[in-house]
Amino acid sequence: MGMTLTEKIIANAAGRDSVKAGENVWVNVNVLMTHDVCGPGTIGIFKDKFGADAKVFDKENVVIIPDHYIFTEDKRALRNIDILTDFAKEQELPHYYQPGTDTYMGVCHVTLPEKGHVRPGEIILGTDSHTCTHGALGAFATGIGNTDAAFTMGTGRTWLKVPETIKFVLEGKLPKTMMAKDLILHMIGEIGFSGATYCAMEFEGPVIDELSIEERMTICNMAIEAGGKNGVIAADAKVEAYVKERTDVPYTLFKADADADYKDVYVINCSELEPTVAIPSAPDKRKGVSEIKGTELTRAYIGSCTGGKTEDFAAAAEVMYGQKVAMDTFVVPSTTFVEKDLRTLKYKDKTYMEIFLEAGCRIGPPGCAACLGGPEDTFGRANSNEIVVSTTNRNFPGRMGSMQAQVYLASPYVAAASALTGVITQPDEYLESK
Amino acid sequence: MNSLIKGKAFVLGDNIDTDQIIPAKYLSYDPSNEEEKKYFGKFALFGVPEGESGYPGGDIRYVSEGYKSDYNIIIAGENFGCGSSREHAPFALAEAGAEIVVAQSFARIYFRNSVNGGYLVPSETPVKINEEVATGDELEIDLEINKLKNLTSGKEYDLNPLGDIKAIMEAGDVFKYAKQMGE
Ligand code: SF4
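So the sequences go chain by chain: A and B. Using this note's numbering, the letters of the first sequence correspond one by one to residues 1 to 434. Using this note's numbering, the letters of the second sequence correspond one by one to residues 1 to 183.
Be a bit skeptical, because a hint or two may be false.
DSSO-like, lysine-lysine: derived pairs with alpha carbons at most 30 Å apart [claimed, not checked]:
| no. | chain 1 | residue 1 | chain 2 | residue 2 |
| --- | --- | --- | --- | --- |
| 1 | A | K20 | B | K37 |
| 2 | A | K293 | A | K255 |
| 3 | A | K340 | A | K59 |
| 4 | B | K42 | A | K161 |
| 5 | A | K20 | A | K167 |
| 6 | B | K42 | B | K128 |
| 7 | B | K128 | A | K49 |
| 8 | A | K49 | B | K147 |
| 9 | B | K25 | A | K75 |
| 10 | B | K42 | A | K89 |
| 11 | A | K47 | B | K6 |
| 12 | A | K238 | A | K115 |
| 13 | B | K128 | A | K285 |
| 14 | A | K49 | B | K176 |
| 15 | B | K179 | B | K155 |
| 16 | A | K49 | B | K166 |
| 17 | A | K20 | A | K340 |
| 18 | B | K147 | B | K6 |
| 19 | B | K179 | A | K59 |
| 20 | B | K176 | A | K55 |
| 21 | A | K238 | A | K263 |
| 22 | A | K161 | A | K47 |
| 23 | A | K55 | A | K173 |
| 24 | B | K176 | A | K161 |
Worth flagging that the hints you see were computed from the coordinates, not collected in a lab.
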């Protein structure tokens with residue numbers, strides 16, 4: 001019996017010829033990423049267990065990217081950043097993206113691949129559940145907690161239970177009004193909120209082949225919203241070109257065997273789908289936009305690792321070009337380099353930034369911002385009973401701030417079109433190029 | 001790890017996510033700081049919506065005052081601990097005094113965190129257990145024979161064996177386990 005893509009990557013990292021779903025194996029870890037919410041706790045455990053003078057397993061591959069609580073007056077949040085800064089200095093970490101300096105980047109999952117820290121075939125761990133994003137480059141990437149991270153920080157090792165794989169084959173052609181976000185919301189709706197618990201989600205097919213790297217990241221990013229351990233897409237020429245532009249670290253390409261064993265296989269004909277949202281308050285509460293169009297909203301939010309990348313804003317800019325928003329609309333670039341793109345890239349004769357400002361959007365500084373609520377002074381935080389259409393990834397009660405707020409998860413097309421009308425809206429009439 | 005756990009049940013529904021277990025607002029407390037860590041106990045399960053906190057009534061706070069809960073056993077439905085990777089979630093429950101969560105299923109990062117940090121036991125059961133137990137019921141759980149007994153109702157239920165994780169829980173945490181494994 002052959003191996004799935006995930007089994008191949010884990011077997012390689014375990015130094016074995018083969019592994020089978022269900023086995024526990026010790027593996028070498030390539031990259032450990034942490035941020036301001038879990039970094040201080042991880043460092044605390046690391047020092048406690050390995051000693052005050054202990055050194056991290058590999059300076060090049062312990063990457064610290066503060067992003068969650070950056071632009072706040074909250075004292076404890078700021079103190080957490082100081083803890084990271086001291087640690088990075090003490091350990092002489094070359095890849096610390098420090099707030100308040102030129103090296104500040106923003107959202108960790110957009111920064112990590114952009115700065116060349118993700119390579120195909122690697123084991124990438126991060127103290128954040130959306131670490132599964134990086135499977136888009138053909139790596140095994142998953143979120144872990146502080147204790148796990150502290151162990152890896154000291155040893156470069158971890159134990160993994162080899163997950164079973166659920167395969168999604170995306171066939172047909174993606175309709176022009178749809179984006180990767182619609183696809184992953186569709187798939188989560190299909191298998192449910194815990195449909196992939198403990199499992200790998202492997203994506204393939206002609207629709208995946210056509211998607212850009214950023215769009216593939218959006219898909220893998222939300223594997224966790226179906227309970228998935230990791231999301232993964234085999235690396236192709238597009239991935240290789242992306243990676244080679246950013247790093248010269250060598251890597252290995254893996255592919256699933258033709259006779260690999262899958263827990264389940266879903267074949268989805270994308271030509272038949274329509275723009276899709278998740279209604280409050282769970283990511284698997286799937287509805288087609290046609291079913292709920294006209295639903296009243298009070299604000300729109302475009303940002304996060306899921307929906308705040310350059311291409312997400314390109315989509316929103318196309319919809320908003322020459323239009324005005326009908327409700328409060330918050331635009332939060334995930335990183336400083338995405339923010340730079342907003343200032344330099346154009347749709348027709350205007351930069352994305354000009355389009356958003358002329359439409360009446362409010363633009364915040366790069367970071368996680370209100371994607372996870374955060375301190376009360378966080379930009380875009382839902383502080384009362386707002387009804388938000390958002391390009392983020394979670395809509396649990398209280399996720400964007402107040403327990404009274406309701407969140408509809410949607411693609412940048414749908415969020416931007418809805419921002420213009422104040423109700424859930426089909427994007428097609430705003431997409432003139434299509 | 002205690003194999004025999006006795007105490008009072010606190011009952012929750014399905015899909016209790018980590019934002020409900022410990023809302024993001026409180027994550028900036030430092031778990032390694034003695035003075036601050038007790039706040040994780042105080043705010044444990046603080047994000048569970050009204051009407052759903054402590055079934056069947058649903059209007060009971062897990063920690064009503066101070067930093068510790070009166071309930072050391074949590075009973076839940078499917079997909080307990082879904083959402084973010086925050087280890088603060090099992091940590092907060094343990095800080096509040098919880099020793100075990102019995103649920104139909106767990107989200108994997110929560111599961112792994114509660115084991116690797118040695119915080120509290122994640123125990124699965126095939127039974128829709130949160131419909132069988134009421135908040136305040138006296139329970140007795142024996143992890144050697146994988147049984148849960150509701151002393152209030154007199155009924156008994158099966159728990160799934162802990163399997164691979166038992167060794168880690170018994171070692172104490174992943175560090176001690178790795179040492180035992182010669183890592
Ligand atoms: S943008 Fe949101 S989902 Fe992404 S890392 Fe930040 S808080 Fe998490």
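Here's how the hints hold up against the structure:
1. For the suggested pair K20 of chain A and K37 of chain B, the alpha carbons sit about 40 Å apart, so the restraint of at most 30 Å is broken.
2. Restraint check for K293 of chain A and K255 of chain A: the C-alpha separation of about 41 Å exceeds 30 Å, so the hint is violated.
3. The straight-line distance between the Cα atoms of K340 of chain A and K59 of chain A is roughly 29 Å, inside the 30 Å bound, and the hint therefore holds.
4. Taking the CA atoms of K42 of chain B and K161 of chain A, the gap is about 33 Å. The hint is violated against a cut of 30 Å.
5. Between the alpha carbons of K20 of chain A and K167 of chain A the distance comes to roughly 16 Å, so the proposed pair stays at or under 30 Å and holds.
6. At most 30 Å may separate the alpha-carbon atoms for a hinted pair to count; K42 of chain B and K128 of chain B meet this at roughly 28 Å.
7. As the CA atoms of K128 of chain B and K49 of chain A are separated by approximately 39 Å, the hinted pair breaks the 30 Å bound.
8. Proximity of K49 of chain A to K147 of chain B is assessed by CA-CA distance (about 35 Å); at most 30 Å being required, the pair is judged violated.
9. Note on K25 of chain B and K75 of chain A: the hinted pairing holds, with a Cα-Cα distance of about 12 Å set against a maximum of 30 Å.
10. Distance hint between K42 of chain B and K89 of chain A is unfulfilled; the C-alpha atoms sit about 34 Å from each other, more than 30 Å.
11. Straight-line distance between C-alpha atoms of K47 of chain A and K6 of chain B comes to about 35 Å, which puts the hinted pair past the 30 Å bound.
12. Distance hint between K238 of chain A and K115 of chain A is fulfilled; the C-alpha atoms sit about 17 Å from each other, no more than 30 Å.
13. Restraint check: the Cα-Cα separation between K128 of chain B and K285 of chain A comes to about 22 Å, which is no more than 30 Å; the hinted pair holds.
14. Pair hint K49 of chain A plus K176 of chain B holds up; C-alpha atoms about 10 Å apart against a cutoff of 30 Å.
15. With a CA separation close to 40 Å, the supplied pair K179 of chain B and K155 of chain B exceeds the 30 Å bound.
16. Between the alpha carbons of K49 of chain A and K166 of chain B the distance comes to roughly 22 Å, so the proposed pair stays at or under 30 Å and holds.
17. With a CA separation close to 45 Å, the supplied pair K20 of chain A and K340 of chain A exceeds the 30 Å bound.
18. For the suggested pair K147 of chain B and K6 of chain B, the alpha carbons sit about 12 Å apart, so the restraint of at most 30 Å is met.
19. Straight-line distance between C-alpha atoms of K179 of chain B and K59 of chain A comes to about 24 Å, which keeps the hinted pair within the 30 Å bound.
20. Of the pairs offered as hints, the one joining K176 of chain B and K55 of chain A holds, with about 19 Å between alpha carbons and a cut-off of 30 Å not exceeded.
21. With a C-alpha separation of about 28 Å, the suggested pair K238 of chain A and K263 of chain A falls inside the 30 Å cut-off, and the hint holds.
22. Annotation: proposed proximity of K161 of chain A to K47 of chain A holds, straight-line Cα distance about 26 Å (limit 30 Å).
23. For a cut-off of 30 Å, the pair hint linking K55 of chain A to K173 of chain A is broken: about 50 Å separates their Cα positions.
24. For a cut-off of 30 Å, the pair hint linking K176 of chain B to K161 of chain A stands: about 18 Å separates their Cα positions.
Violated hints, listed in ascending order, are 1, 2, 4, 7, 8, 10, 11, 15, 17, 23; each of the other numbered hints is respected by the structure.
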